[in-house]
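Peer 1: Sequence:
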Amino acid sequence: MAGQGRRKASTPPFTTAPTSGRRLSDPLEVITDKLISSTEAINLIRPPAEDLSEDERAALPSISLGPETSTESVGWMSIGVLALIVSLLVFILLIRNPDPEPLELPSLGPTPQVLPDGSPDAEGLPTTVDDQGVLWRQHPDGAVDWWDRDWSIWHRWE
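In terms of my numbering, the sequence shown opens at residue 4 and continues consecutively.
Worth flagging that the hints you see were computed from the coordinates, not collected in a lab.
Where a beta carbon is used, it is the ideal one built from N, C-alpha and C, also for glycine.
Don't take each hint at face value.
Restraint-style ranges between C-beta atoms, simulated for each label pair [to be verified]: (1) 96 <-> 39: 53 to 59 Å; (2) 79 <-> 50: 48 to 54 Å; (3) 151 <-> 105: 25 to 31 Å.
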């Protein structure tokens, strides 16, 4: 194939395969100076001529020349500065509200009315147990309460 030998300074860095006997509908094969061939030719880059003046070279787009290109390490510095700013903002927000309000918990029901031994506290009133096993207590005015075993509280009987 053409272009596989050493190229002259005036030839482009790539060549095409011979075109004799080729139809226009056939794909064009491009071969680089490193013998890489392609028929897609999507990302071909044409380098500038070698005999450019300094002004012309300065006007060209910037390209990396490998180790000759000076680099700046700003990545870690940027991350550090950003982390410091975020930390300061969080610190300031925490200082502005130092005493969070206590959470209001929902009521879990009335306070159980039991004695230390676990029996209902009748508060000195007379009690009786009916045929269904319900505990009752009677107030001096004649009102009665029944004992709720599930909630451990007295309910007024109406």
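Peer 1: If a hint holds in the structure, say so; if it does not, say that too.
Peer 2: How the hints compare with the structure:
1. 96 <-> 39: 53 to 59 Å: For residue 39 against residue 96, whose Cβ atoms are near 56 Å apart, the range 53 to 59 Å holds.
2. 79 <-> 50: 48 to 54 Å: Since residue 79 and residue 50 have Cβ atoms about 33 Å apart, the given range 48 to 54 Å is violated.
3. 151 <-> 105: 25 to 31 Å: Between residue 151 and residue 105, where Cβ atoms are some 30 Å apart, the hint holds.
Against the hints set out earlier in the document, a violation occurs for number 2 only.
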